Amino acid sequence: DAKTTQPPSMDCAEGRAANLPCNHSTISGNEYVYWYRQIHSQGPQYIIHGLKNNETNEMASLIITEDRKSSTLILPHATLRDTAVYYCIVREYGNNRLAFGKGNQVVVIP
Amino acid sequence: DTAVSQTPKYLVTQMGNDKSIKCEQNLGHDTMYWYKQDSKKFLKIMFSYNNKELIINETVPNRFSPKSPDKAHLNLHINSLELGDSAVYFCASSPPGLGATGELFFGEGSRLTVL
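Chains as they are written, first to last, in this note's numbering: chain A, 1 to 110; chain B, 1 to 115.
Any given hint could be a false lead.
[Stated by the list, open to error] Computed list of lysine-lysine pairs in DSBU-like fashion (alpha-carbon distance at most 35 Å, straight line):
| id | chain 1 | residue 1 | chain 2 | residue 2 |
| --- | --- | --- | --- | --- |
| 1 | A | Lys52 | B | Lys71 |
| 2 | B | Lys44 | B | Lys71 |
| 3 | A | Lys52 | B | Lys9 |
[Unchecked claim] From chain B, some residues computed to sit far from chain A (all C-beta separations above 10 Å):
| id | residue |
| --- | --- |
| 4 | Met15 |
| 5 | Lys19 |
| 6 | Ser20 |
| 7 | Asn26 |
| 8 | Val60 |
| 9 | Lys67 |
| 10 | Lys71 |
| 11 | His77 |
| 12 | Ser80 |
| 13 | Gly84 |
| 14 | Pro96 |
| 15 | Thr101 |
| 16 | Val114 |
None of these hints come from the bench; they were simulated from the model.
Being a predicted model, the structure only gives us computed values, none of them experimental.
Ideal placement from N, C-alpha and C gives every residue a C-beta, glycine not left out.
Okay, chain A solo, but in the shape it has when bound (with noise of 0.2 Å):
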């Protein structure tokens, strides 16, 4: 079962950031907060993690707040191929599950 909530879909603009928010209520303090999103017909792929810092790649930012009860994940400057399905997922580390819940349907627009 998903423990995060998540907006059913939104749309970004081309070139602005993209903020994307995932409620995460009832994480415990060994649970981290992970992002993956689905281009249509692929398989998920993994964009970033954290567990209680801000964390930074080259593909997004995660900003997670003090209490640990949300998230957002920022995409700098969205691009066409941004669209996707965007899933947030808490795992407590070392579980061999991660639990996808029903994402984001993002769609970024010219």
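Following the hints, put chain B in place on chain A, whose structure we already have.
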């Protein structure tokens, strides 16, 4: 080089038939998985093997039988196919416990259509 490769990519078959989907990974990972994505796009884990040993077995009909001849391969055999088995099946691999990053490496999926 494709890291996680599945064959076939598309499979159309009749109800009652038996079919197999093969998966191979060249990442040197110990752990492999099968996920099922149904028509509503829900992605659910079915099985996981770690170094040829079954470690996750979700509530899946016993018509589904995974087989891992070695740690680089995890095949999925389905007996007596039913209409509800129509879905996209994804193979994935990772280090044990999903490693330090929690990254799963997915294949491109195998779309099964049962008529």
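Decide, holds or violated, for the assertion that all CB atoms of chain A are farther than 10 Å from the CB of B:His77.
-> holds, 21 Å
Against chain A, does B:Asn26 keep a CB gap of more than 10 Å to every residue?
-> holds, 15 Å
Far enough from chain A: is every CB of that chain over 10 Å from the CB of B:Val114?
-> holds, 19 Å
Are the Cα atoms of B:Lys44 and B:Lys71 separated by 35 Å or less?
-> holds, 22 Å
Claimed clearance of chain A by B:Val60, with the beta carbon kept past 10 Å | holds, 14 Å
Given the proposed pairing of A:Lys52 with B:Lys71, does the C-alpha separation stay at or below 35 Å?
-> Judged against 35 Å, a Cα distance of about 34 Å means the pair holds.
Between A:Lys52 and B:Lys9, is the straight-line Cα distance small enough, at 35 Å or below?
-> violated, 39 Å
For B:Ser80, is the shortest beta carbon distance to chain A beyond 10 Å?
-> holds, 27 Å
No chain A beta carbon within 10 Å of B:Lys67's | holds, 19 Å
Check on B:Lys19 being off the interface with chain A, judged by Cβ distance over 10 Å = holds, 20 Å
Holds or violated: is the Cβ of B:Ser20 farther than 10 Å from all Cβ atoms of chain A?
-> holds, 19 Å
Would B:Lys71 pass as off the interface with chain A, using Cβ distances and a cut of 10 Å?
-> Given that every Cβ of chain A is farther than 10 Å from that of B:Lys71, nearest at about 14 Å, it holds.
Taken one by one, the earlier hints fail for this structure at numbers 3, 14 and 15, listed in ascending order.
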